[in-house]
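Based on the provided sequences and hints, a complete structural model is requested.
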Amino acid sequence: MKIPVSIPLETFRIRFVDVVVFIFLCGLLEFVIYVASEWSYPVERALQIDLDPRNIPSYAAQSLMRMALAYLLSLVFSIWYGYTASRSRMHERIMIPLLDILQSIPVLSFLPAVVLAMINLFPGQRIGIEIACILLIFTGQVWNMTFSYYHSINTIPRELREASSVLGFNRFSRFIRLDLPFSAIGLVWNSMMSVSGGWFFLMACEMFVLEDRDFRLPGIGSYIQTAASEGNISCILYGLGAMVFLIIVLDILLWRPLIVWSQRFRMDTVPPEDERESIVFDLITGSVVLRKLGDWFGDVVEWIEKSTYRIPSPRLGGVFKYIGKLTGAIELIALGFLFFWALIKVKGLVSSVSLGDLILVFKSACYSFLRTSVAILIALLWTLPVGVYIGMNPRAANILQGMVQIAASIPATAVFPVIILFLIKLGGGLDIGAIFLMLLGTQWYLLFNIIAGAYAIPKDLIEISKAYNITGWRKWRVLILPSIFPYLVTGLITASGGAWNATIVSEYVSFGGEILKTQGLGALISHSSASGDFGLLFVSTCVMAAIVVGINRLVWKRLFYIAKTKYVLE
Amino acid sequence: MERETILETRHLKKSFFVGRGREIVVLEDINFKVYSGSFVAILGQSGAGKSTLLRILARLVEPTEGEVLYRGKPLKEADAKIAVVFQSFALFPWFTVLENVKVGLVKSGLSKDEIHKRALQAIDLVGLDGFEDAYPRELSGGMRQRVGIARALVVEPEVLLMDEPFSALDVLTADNLRNDLIDLWRDGKLPAKAIVLVTHNIEEAVSMASRAVVLSHNPGRIRAEISIQLPYPRDRTSRDFKFILDKIYTVITKPAEEVPFLLEAGRYQFIPHAKVGAIAGLVELVHDKGGRVDVYALSSELSMEVDDIFPLIEAAVFLNFGEIREGDFILTDKGKLWAEAGALEKKEIFRDAALENIQLIKQIVQVLATMSKHRVSEDFFMDILKNHFTPEEAWNQLETAIDWGRYAELFAYDYDAGELYLEEPEGRD
Chain A
23 MKIPVSIPLE TFRIRFVDVV VFIFLCGLLE FVIYVASEWS YPVERALQID LDPRNIPSYA
83 AQSLMRMALA YLLSLVFSIW YGYTASRSRM HERIMIPLLD ILQSIPVLSF LPAVVLAMIN
143 LFPGQRIGIE IACILLIFTG QVWNMTFSYY HSINTIPREL REASSVLGFN RFSRFIRLDL
203 PFSAIGLVWN SMMSVSGGWF FLMACEMFVL EDRDFRLPGI GSYIQTAASE GNISCILYGL
263 GAMVFLIIVL DILLWRPLIV WSQRFRMDTV PPEDERESIV FDLITGSVVL RKLGDWFGDV
323 VEWIEKSTYR IPSPRLGGVF KYIGKLTGAI ELIALGFLFF WALIKVKGLV SSVSLGDLIL
383 VFKSACYSFL RTSVAILIAL LWTLPVGVYI GMNPRAANIL QGMVQIAASI PATAVFPVII
443 LFLIKLGGGL DIGAIFLMLL GTQWYLLFNI IAGAYAIPKD LIEISKAYNI TGWRKWRVLI
503 LPSIFPYLVT GLITASGGAW NATIVSEYVS FGGEILKTQG LGALISHSSA SGDFGLLFVS
563 TCVMAAIVVG INRLVWKRLF YIAKTKYVLE
Chain E
5 MERETILETR HLKKSFFVGR GREIVVLEDI NFKVYSGSFV AILGQSGAGK STLLRILARL
65 VEPTEGEVLY RGKPLKEADA KIAVVFQSFA LFPWFTVLEN VKVGLVKSGL SKDEIHKRAL
125 QAIDLVGLDG FEDAYPRELS GGMRQRVGIA RALVVEPEVL LMDEPFSALD VLTADNLRND
185 LIDLWRDGKL PAKAIVLVTH NIEEAVSMAS RAVVLSHNPG RIRAEISIQL PYPRDRTSRD
245 FKFILDKIYT VITKPAEEVP FLLEAGRYQF IPHAKVGAIA GLVELVHDKG GRVDVYALSS
305 ELSMEVDDIF PLIEAAVFLN FGEIREGDFI LTDKGKLWAE AGALEKKEIF RDAALENIQL
365 IKQIVQVLAT MSKHRVSEDF FMDILKNHFT PEEAWNQLET AIDWGRYAEL FAYDYDAGEL
425 YLEEPEGRD
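Chain order of the listed sequences is A and E. Quick note: the first sequence, position 480, residue 502 per our numbering, numbers continuous. Quick note: the second sequence, position 284, residue 288 per our numbering, numbers continuous.
The hints are all genuine.
With the C-beta cut set under 10 angstroms, the calculated list includes, among others, these residues of chain A facing chain E: (1) E181; (2) L189; (3) P203; (4) A206.
Hints were generated in silico from the structure; no laboratory data involved. All C-beta atoms in this analysis are idealised placements derived from N, C-alpha and C, irrespective of residue type, glycine included.
As structure tokens, this is what we get:
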């Protein structure tokens, strides 16, 4: 016997969770209204950052809002870019390499263009700088999400695509029922990575100097930076604490539940990526209010879907097709124009760069190359044994992995001031210090990948090596290194990109009212951005992008191929 | 009963262009009709273009030449009610069984309640009552394919196309599902007026279909249309059943003179994908049984699908170790010799047979012999094969040739470098 479903048994039983959810939703609403009200003030008023710790919640809220908006923008952009790129061979041929290059351009190089454009659009208003800041965070987090989405929609199994075609899906149904669910897992993971990258650059995006003009926005990043310039250790720690608190809360309330939830979108053949559990997720699924809300949302989407089938009559369909083709053509033409416009601009920019500057760029590039290499080497030296130890000892993993995760969640840029303080006290300059700063940002990628790799070594292989008494160096050579190789390469790719990106913030640091810098490509970019030397900024950015893309293509992609074909455990 | 033509293909051709203007013809001059009330099985070996043909009927693939008519109108313009059941089920893993079936009616414009009602009916029909809220990953393969069938039926199609729907299932499950489907079909419970089933399993075709369309391969042409007028439920042990089975076997494997043993202009020999060890196992087994067996009986005795055995038999025929006569597999003298030989002798016999009969192996050995270093990249042979096969099939061909050549010690293969080379007879350590 089936119980008739139409009787809403549950709605009368409001649980404690529902109260929490309700309060949470109200809080969210208030938060949005509050932040929006702050934005309408003219730009002059908000220039001072008040170090009073009581301001921290307000600052944190505003930073969070910026991150959220930048993230939403990234999401929409990723989906748009992914579709447009897979529209035709030509789109694909232009847009995918473009993405590769865009990805390797450091955030700060976008800064002058974005900020100047926004200030011109909204003269004298804070909203201009706000939008600029959001766009900067966006440029720091969008690319890997875009790659992920593009990759996902192009790896959908053929029969699933054919099934949706036979079932007569239109584009909306395809998006809602196939593309989005299929790419959900990748998107969630990449969103997580992107947002933590956003925290990393928050300091640089909320407070910066451009052509001797000082721009700052109230936020947790600028708070820490101001505290650092004033040498106020306790305020630095307050700010840092608030940031870490925020990151951990976000992890518990948002990312963990999302990861658990996204597991439902895995294909049958793929084992779960991460069998984490989330108490919050369990609570949420128990909430009647949220479930009703989810049902209601599902109904709305279904209603929209239904109406999309009603609109296009055959005649209209033709028009739509025409419009689609037209927009495609316009897009391409616009891209072309942009390209030529950029080319003309670039000519002007490049001609302002002297030969001496070029030599400087080259020399700086060598220094930075050396620094990133050393940073990665050092990272490798300590993460390899530690990572393998943690990965191969489940008991150690239980204790250490949590600690490592918290340590890794602290954005390196936020700790910079504290470390620089030490470096100054020790008397060493940034020459060596920069390496240490880079290390902070990049070692975690390596460590996590090595742990995952060591964890995945099949137990029977470990037992066999025990049986044959393979120990010491031979064990590393025969068992461990080959097994973790694919993971190691993945970690190295991310770490190398991260290290180059970090040169910008670690080779050039403004602290306590003065500027600490060393010779390097990152310092050159930061400096030319701050002083408004756009020609030099352009050239050094191009060189850095070329180096990153070059290393990727020549070294990592090849290693990755070997890892995928030879050292894969089936 | 008046027979109404629902689907008709006219001079269908499908080809792919590979580099340098080379054309690989997958299907050529395909003409056949699907009448209402008929259950057509399209038979052929892998690479015969069966699935491509089905995809053309499903409007998933555009034919290079020719057209498909649906009730006399070109398929492109017709409002055809055609549903497809896929080999890999093609279910959405993030939807429940009910949602997966409802998805079929997304574009129908029916009310929510009506969609719900029809989906439940379809689920009932395939016997999945009670599993509405299960996710596909919780179901066994057989149940998943039932969901796939329900999703196809919910749109009340006139034509049901099935692409190897049982080949991803284990033997018993597949059998069970076949019987259920046939029962529904016979009792007129299926909304479909005609079914087109693509399969490489001859026994499956004979146990279900009312007509078999047999495709040759490379390029795929219709070799024969065989009517199967046996009463349901079909008794697989009956003489009539075996007779038709043997007849189709003969059609597929014969006429022998059409099998291209040697290089002909524009046609390249197709090596069946079989490992040497498996071929040897088969030949020895048949030898133990007196050198002659009925293929169908053999497959049921080994409880292997006929199509798993088939490449082995074909390989043995290619190597001249055996022949097919009236659905029986008979060892030649050479085959008997090979079955009796010891390990080393076996290699020698196989080496001679491969060199004599297998074009690709002969070619590889010749190329390697003429090279000064006796070493050639696999890409070289892949390029040659890609002129005749799809890239996937080209790799299958080379892989099989490498397996055979390695066994025969004709040449060796360096996996890491991706190179084939001749082993130095004197320099071995």
